[in-house]
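S.K.: Protein chains in written order, with the working numbering: chain A, 1 to 161; chain B, 1 to 145.
Bear in mind the hints are in silico, worked out from the structure with no lab data behind them. Any given hint could turn out to be false.
To be verified - In silico SDA-like pairs for lysine to any residue, Cα to Cα no more than 20 Å straight-line: (1) B/K114 with B/P73; (2) B/K99 with A/R10; (3) B/K12 with A/R10; (4) B/K99 with A/P84; (5) B/K99 with A/H150; (6) B/K12 with A/V14; (7) B/K12 with B/L24; (8) B/K99 with A/T149; (9) B/K114 with B/T140; (10) B/K99 with B/A112.
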Amino acid sequence: MMINGRRSLRAALVAVVVGIIVGCSIPAAYAYSDAHSATGSYGPYSGYKYNDRANIYTNTPQPSGTTVWGVEEIWTVPQYTVVPTGYMGVSPRVYTASGSLVASAGYAYNTASAYYFQNTCGYWAAPSGYYKSQGLTQVWDTGTNMYRTHWTQTTPNCLES
Amino acid sequence: MRLSSLKSFSRKGVALIAALVIGLVVGIAGGSIAFASTSNHSTTVPSVPPVARNAQGLTYGSALNARSPEEEPDLVQAQATNGEIGYVLRTDLEEPTPKSPQEALARQASEAGKTRVIPVCESDGVTKIGVFVVQVGSPTPPLGK
Numbered sequence: 001m002m003i004n005g006r007r008s009l010r011a012a013l014v015a016v017v018v019g020i021i022v023g024c025s026i027p028a029a030y031a032y033s034d035a036h037s038a039t040g041s042y043g044p045y046s047g048y049k050y051n052d053r054a055n056i057y058t059n060t061p062q063p064s065g066t067t068v069w070g071v072e073e074i075w076t077v078p079q080y081t082v083v084p085t086g087y088m089g090v091s092p093r094v095y096t097a098s099g100s101l102v103a104s105a106g107y108a109y110n111t112a113s114a115y116y117f118q119n120t121c122g123y124w125a126a127p128s129g130y131y132k133s134q135g136l137t138q139v140w141d142t143g144t145n146m147y148r149t150h151w152t153q154t155t156p157n158c159l160e161s
Numbered sequence: 001m002r003l004s005s006l007k008s009f010s011r012k013g014v015a016l017i018a019a020l021v022i023g024l025v026v027g028i029a030g031g032s033i034a035f036a037s038t039s040n041h042s043t044t045v046p047s048v049p050p051v052a053r054n055a056q057g058l059t060y061g062s063a064l065n066a067r068s069p070e071e072e073p074d075l076v077q078a079q080a081t082n083g084e085i086g087y088v089l090r091t092d093l094e095e096p097t098p099k100s101p102q103e104a105l106a107r108q109a110s111e112a113g114k115t116r117v118i119p120v121c122e123s124d125g126v127t128k129i130g131v132f133v134v135q136v137g138s139p140t141p142p143l144g145k
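Bound-form chain A, shown alone:
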């Protein structure tokens, strides 16, 4: 009877420990980091006002590293105000915390009338490091017949663990 009780207790303890180990591995498998800049506002150009923002994300870390994504976005103000094709351009960038550019993508422009547009670039990063994102946005100004370029705010440092 006593032996049976001890066995049961041991089995229960083993079950708890197995549960803790498996449970701990679940958040690890889905761990990721992200950071977002403050929203920048500019305009009106061609009668439209814009907001833009920089974002940085990491994929789930692997032993050899992970991909860090810089995502820059632009949208009209008031929200859902649609601008013509080619009026919004976005060029994303990723930097190390010490300021070295590690990824950049050229401008992409909205290929259809839109109120929101974003562009992404990626960098394969070794484990452990801090990254930031800051990008450029361009909007068409019919008043001067030229694109106006605006820098997004910089994201805080994002840890690639």
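Dock chain B against the given chain A, drawing on the hints supplied.
M.R.: Just chain B now, kept in the frame of chain A:
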């Protein structure tokens, strides 16, 4: 006899599953707290050095110091594909601004899927130490009505 041992086995099974579930809950909660602390944003990282000027009169340094396109240095600090830290010419990094939305879209269509490889130099802007790849980017479909 059989019924009682079946009941006993069933009770043990339920107890074991309960213990496993308790362990899972504790593990997920603990793991989430631990990873949340590594998933936030730290400020204890190297600072960005200020922009300087080379013998040719070109400014060089990180573009992160710039608050506008006018403040961007002539030579932008960048990491080459070989891991070396150097500088890329701003004019190499950024293509000339299109003169109209039509030109922008035409250029975008003609360059679709093409990366650009640009040189990475020392701060003199001449001595090449590697290359930097300007990506194509992955724009999402524009959201509209």
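S.K.: Against this structure, judge whether each hint is valid.
M.R.: Each hint, compared with the structure:
{"no.": "1", "hint": "B/K114 with B/P73", "in the structure": "26 Å, violated"}
{"no.": "2", "hint": "B/K99 with A/R10", "in the structure": "76 Å, violated"}
{"no.": "3", "hint": "B/K12 with A/R10", "in the structure": "12 Å, holds"}
{"no.": "4", "hint": "B/K99 with A/P84", "in the structure": "16 Å, holds"}
{"no.": "5", "hint": "B/K99 with A/H150", "in the structure": "16 Å, holds"}
{"no.": "6", "hint": "B/K12 with A/V14", "in the structure": "13 Å, holds"}
{"no.": "7", "hint": "B/K12 with B/L24", "in the structure": "18 Å, holds"}
{"no.": "8", "hint": "B/K99 with A/T149", "in the structure": "13 Å, holds"}
{"no.": "9", "hint": "B/K114 with B/T140", "in the structure": "17 Å, holds"}
{"no.": "10", "hint": "B/K99 with B/A112", "in the structure": "19 Å, holds"}
Hint compliance for this structure: hints 1 and 2 are broken, all remaining hints hold.
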